[in-house]
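Chemist: Let the hints inform the model, and build the full structure from the sequences given.
2 protein chains.
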Amino acid sequence: MPSVLVSEVGPRDGLQSIAAVMPTHAKRRWIAALARAGLREIEVASFVPPRLMPQMADAAEVVQDALALPDLHVAVLAPNLQGARAALQAGAHKITLPVSVSEAHSLANVRKSHAQMIETVREVVALRDEDWPEARIEAGLSTAFGCTLAGAISDAQTLALAQTMADCGVDEVGLSDTTGYANPAQVRRLFSALQRELGERAGGAHFHNTRGQGLANVVAALEAGVRTFDASQGGLGGCPHAPGATGNIVTEDLVFLLEAMGLDTGIDVAALLEARAILRAALPDEPLYGHLPDAGLPKDFVYAREAA
Amino acid sequence: MPSVLVSEVGPRDGLQSIAAVMPTHAKRRWIAALARAGLREIEVASFVPPRLMPQMADAAEVVQDALALPDLHVAVLAPNLQGARAALQAGAHKITLPVSVSEAHSLANVRKSHAQMIETVREVVALRDEDWPEARIEAGLSTAFGCTLAGAISDAQTLALAQTMADCGVDEVGLSDTTGYANPAQVRRLFSALQRELGERAGGAHFHNTRGQGLANVVAALEAGVRTFDASQGGLGGCPHAPGATGNIVTEDLVFLLEAMGLDTGIDVAALLEARAILRAALPDEPLYGHLPDAGLPKDFVYAREAA
Numbered sequence: 001m002p003s004v005l006v007s008e009v010g011p012r013d014g015l016q017s018i019a020a021v022m023p024t025h026a027k028r029r030w031i032a033a034l035a036r037a038g039l040r041e042i043e044v045a046s047f048v049p050p051r052l053m054p055q056m057a058d059a060a061e062v063v064q065d066a067l068a069l070p071d072l073h074v075a076v077l078a079p080n081l082q083g084a085r086a087a088l089q090a091g092a093h094k095i096t097l098p099v100s101v102s103e104a105h106s107l108a109n110v111r112k113s114h115a116q117m118i119e120t121v122r123e124v125v126a127l128r129d130e131d132w133p134e135a136r137i138e139a140g141l142s143t144a145f146g147c148t149l150a151g152a153i154s155d156a157q158t159l160a161l162a163q164t165m166a167d168c169g170v171d172e173v174g175l176s177d178t179t180g181y182a183n184p185a186q187v188r189r190l191f192s193a194l195q196r197e198l199g200e201r202a203g204g205a206h207f208h209n210t211r212g213q214g215l216a217n218v219v220a221a222l223e224a225g226v227r228t229f230d231a232s233q234g235g236l237g238g239c240p241h242a243p244g245a246t247g248n249i250v251t252e253d254l255v256f257l258l259e260a261m262g263l264d265t266g267i268d269v270a271a272l273l274e275a276r277a278i279l280r281a282a283l284p285d286e287p288l289y290g291h292l293p294d295a296g297l298p299k300d301f302v303y304a305r306e307a308a
Numbered sequence: 001m002p003s004v005l006v007s008e009v010g011p012r013d014g015l016q017s018i019a020a021v022m023p024t025h026a027k028r029r030w031i032a033a034l035a036r037a038g039l040r041e042i043e044v045a046s047f048v049p050p051r052l053m054p055q056m057a058d059a060a061e062v063v064q065d066a067l068a069l070p071d072l073h074v075a076v077l078a079p080n081l082q083g084a085r086a087a088l089q090a091g092a093h094k095i096t097l098p099v100s101v102s103e104a105h106s107l108a109n110v111r112k113s114h115a116q117m118i119e120t121v122r123e124v125v126a127l128r129d130e131d132w133p134e135a136r137i138e139a140g141l142s143t144a145f146g147c148t149l150a151g152a153i154s155d156a157q158t159l160a161l162a163q164t165m166a167d168c169g170v171d172e173v174g175l176s177d178t179t180g181y182a183n184p185a186q187v188r189r190l191f192s193a194l195q196r197e198l199g200e201r202a203g204g205a206h207f208h209n210t211r212g213q214g215l216a217n218v219v220a221a222l223e224a225g226v227r228t229f230d231a232s233q234g235g236l237g238g239c240p241h242a243p244g245a246t247g248n249i250v251t252e253d254l255v256f257l258l259e260a261m262g263l264d265t266g267i268d269v270a271a272l273l274e275a276r277a278i279l280r281a282a283l284p285d286e287p288l289y290g291h292l293p294d295a296g297l298p299k300d301f302v303y304a305r306e307a308a
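So the sequence lines, in the order shown, correspond to chains A and B.
Just so you know, UniProt numbering puts 294 at position 294 of the first sequence, and the rest follows in order with no gaps.
Just so you know, UniProt numbering puts 240 at position 240 of the second sequence, and the rest follows in order with no gaps.
Treat the hints with care, as some may be off.
As a list, the in silico DSS-like pairs of lysine-lysine whose alpha-carbon atoms are at most 30 angstroms apart [said to hold, decoys possible]: (1) B/Lys-112 x A/Lys-299; (2) A/Lys-112 x A/Lys-94; (3) B/Lys-112 x B/Lys-94; (4) B/Lys-299 x A/Lys-112.
If we take Cβ atoms under 10 angstroms as the criterion, some of the chain B residues that face chain A in the derived model are [stated by the list, open to error]: (5) Ala-182; (6) Thr-210; (7) Phe-301.
So the derived list for chain A, only partly shown, Cβ under 8 angstroms to chain B, looks like this [to be verified]: (8) Ala-152; (9) Thr-210; (10) Arg-211; (11) Gln-213; (12) Val-219; (13) Phe-256; (14) Gly-262; (15) His-291; (16) Pro-298.
Just so you know, the hints here were simulated from the structure itself, not pulled from any lab data.
For clarity, every value in this text was computed on a predicted model and none was experimentally measured.
For every residue, glycine included, the Cβ atom is placed at its ideal position computed from N, Cα and C.
Modeler: Okay, here's the thing in structure tokens:
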């Protein structure tokens with residue numbers, strides 16, 4: 001059993017942040033290739049109005065396709081009750097609700113105050129409890145480490161909102177460095193506190209590589225005990241409402257980091273690069289990031305699962 | 001007093017790894033700008049035969065220029081006794097001798113077996129002791145974490161050579177991830193052992209970002225107590241004898257990492273970006289790396305020296 005979960009968010013966070021719209025058939029091929037590479041959880045879509053985000057107009061179809069893949073945990077993002085209902089109806093296993101610690105970012109991103117967003121979370125949890133008790137709900141705390149609009153965010157702000165989310169009944173609370181502000185000292189401190197205060201409801205880390213600190217923050221999060229990391233193939237991604245916030249950490253480089261450290265991800269790098277080739281072909285004009293795809297695995301490289 | 005030393009190696013490791021030859025007057029301006037930004041140690045040149053490395057033909061002149069800058073520790077690389085003598089004559093404060101843990105890399109890089117290179121180190125130390133007792137000598141252990149030619153390198157190999165170097169009388173022994181093979185678990189383990197075994201002679205970390213792991217490895221090295229880090233502005237650099245080994249970790253991103261973690265570097269980011277503009281103008285066709293230069297400092301960013 002792999003010891004770390006790499007949760008691929010490229011099909012959601014990546015694709016929603018670029019202008020191009022990937023055709024449904026290309027999404028299907030890419031997601032299937034990612035699953036073949038050993039990714040056990042993929043955030044495949046965002047349930048938002050198509051007029052706001054045409055890249056995600058096929059969300060329900062993409063979820064249904066993904067559900068046909070063996071042993072895949074199908075995750076989605078939904079910013080509101082309507083989106084969450086549609087996601088649950090489509091059969092998503094997990095819904096992440098984006099809850100901004102910065103109220104300015106919340107207003108820009110989901111057009112809701114803190115009070116309104118907390119109410120939304122309560123409604124989504126109630127809906128889940130009523131009709132889809134198997135589905136998991138995560139509150140993903142955006143701007144948990146700082147905000148391009150509001151500036152510094154204190155640990156106390158983030159931890160208070162995390163507790164509120166737990167009180168609302170979500171299954172897990174993850175912390176997102178939406179804006180690339182996080183540093184390893186802060187990451188270690190904040191995730192340690194999150195685990196102390198929320199126990200099993202403490203969720204994973206969602207880092208962006210805006211200032212090149214993404215994998216450095218992963219090292220700190222690992223030390224704090226985090227075992228779930230969002231990443232995006234080729235570093236696709238960002239946030240349209242957080243200026244300068246470029247892509248997620250790169251799945252390829254993250255997998256190498258973890259495996260080299262002896263942490264089993266269950267992922268095969270060669271198959272991951274085949275998925276990257278599909279992404280490359282589907283979006284020929286989009287910049288893709290990452291160092292491992294150019295450099296390759298080291299000579300004599302041993303996967304954690306082989307070393308164990 | 002800054003708590004971490006960022007040792008800029010771009011004028012040596014960077015410039016020696018690219019085809020273009022930077023004119024002496026441009027080196028002078030760039031190095032002066034780096035010093036103005038607060039870099040207290042700069043590796044300004046490599047003392048190698050100009051026919052092998054025309055980029056470094058002006059090494060003595062560059063050292064003399066750098067010696068005129070206030071409070072700058074002027075470091076150089078020298079692969080052999082002749083180079084070390086020329087560097088000492090020029091007035092360098094510190095000489096790094098590249099000593100490969102992989103004998104295959106040693107033969108490729110300096111055309112010497114281990115036994116021959118150890119003899120060279122002894123001769124350089126004797127020369128220093130005799131005529132330039134103030135100069136510092138570092139053995140920089142190349143391929144300390146793995147080698148593109150020899151594959152895996154064991155901790156025992158690296159630590160044995162480190163001890164040999166200390167026995168030869170060098171002042172410090174640094175570890176270099178020449179090939180971008182290092183991972184944070186290995187870095188933490190190896191630097192901890194180095195400090196245990198060598199005490200005050202344990203030197204700094206020289207990481208390349210070949211597989212995107214550079215700053216992740218810095219976090220691990222910091223935990224092991226390392227307080228000196230080589231980096232190259234814009235990530236210029238590499239090793240012509242280690243295929244696929246691209247540039248050093250990026251000074252700009254490293255400084256942000258350290259300062260954000262509360263570790264004073266003494267460096268000013270705005271001035272560092274002015275130095276980058278000089279580098280950019282001098283080498284208009286060379287790729288420069290780094291995320292911070294694009295993203296800028298976060299809103300409300302506070303330097304460690306201001307927070308303290």
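Chemist: Hint by hint, note whether the structure agrees.
Modeler: Hint by hint, here is what the structure shows:
1. Taking the CA atoms of B/Lys-112 and A/Lys-299, the gap is about 23 angstroms. The hint holds against a cut of 30 angstroms.
2. For the hint pairing A/Lys-112 with A/Lys-94, the CA-to-CA distance comes to about 22 angstroms; that is within 30 angstroms, so the pair holds.
3. For the hint pairing B/Lys-112 with B/Lys-94, the CA-to-CA distance comes to about 22 angstroms; that is within 30 angstroms, so the pair holds.
4. Taking the CA atoms of B/Lys-299 and A/Lys-112, the gap is near 23 angstroms; set against the 30 angstroms cutoff, the hint holds.
5. Checking B/Ala-182 against chain A by beta carbon gives a least distance of about 8 angstroms; that is within 10 angstroms, so the hint holds.
6. The interface hint given for B/Thr-210 holds, since its Cβ lies 5 angstroms from the closest Cβ of chain A, which is under the 10 angstroms cut-off.
7. Because the beta carbon of B/Phe-301 sits about 9 angstroms from the nearest beta carbon in chain A, less than 10 angstroms, this interface hint is met.
8. At a threshold of 8 angstroms, the smallest CB-CB gap from A/Ala-152 to chain B is about 4 angstroms, leaving the interface hint in force.
9. Checking A/Thr-210 against chain B by beta carbon gives a least distance of about 5 angstroms; that is within 8 angstroms, so the hint holds.
10. Interface hint at A/Arg-211: satisfied, since its Cβ lies 5 angstroms from the closest Cβ of chain B, which is below the 8 angstroms cut-off.
11. For A/Gln-213, the interface hint holds, since its Cβ comes within 8 angstroms of a Cβ in chain B; the closest pair sits about 6 angstroms apart.
12. At its closest, the beta carbon of A/Val-219 sits 4 angstroms from a beta carbon of chain B; the interface hint therefore holds under the 8 angstroms criterion.
13. Taken as an interface hint, A/Phe-256 checks out: its beta carbon lies about 6 angstroms from the nearest beta carbon of chain B, inside 8 angstroms.
14. At a threshold of 8 angstroms, the smallest CB-CB gap from A/Gly-262 to chain B is about 6 angstroms, leaving the interface hint in force.
15. With 8 angstroms as the threshold, the beta carbon of A/His-291 comes within range of chain B, its nearest partner Cβ sitting at about 4 angstroms, so the hint holds.
16. Satisfaction of the interface hint for A/Pro-298 is found here, the shortest Cβ-Cβ separation to chain B being roughly 5 angstroms, below the 8 angstroms cut-off.
Consistency note: the structure conflicts with none of the earlier hints.
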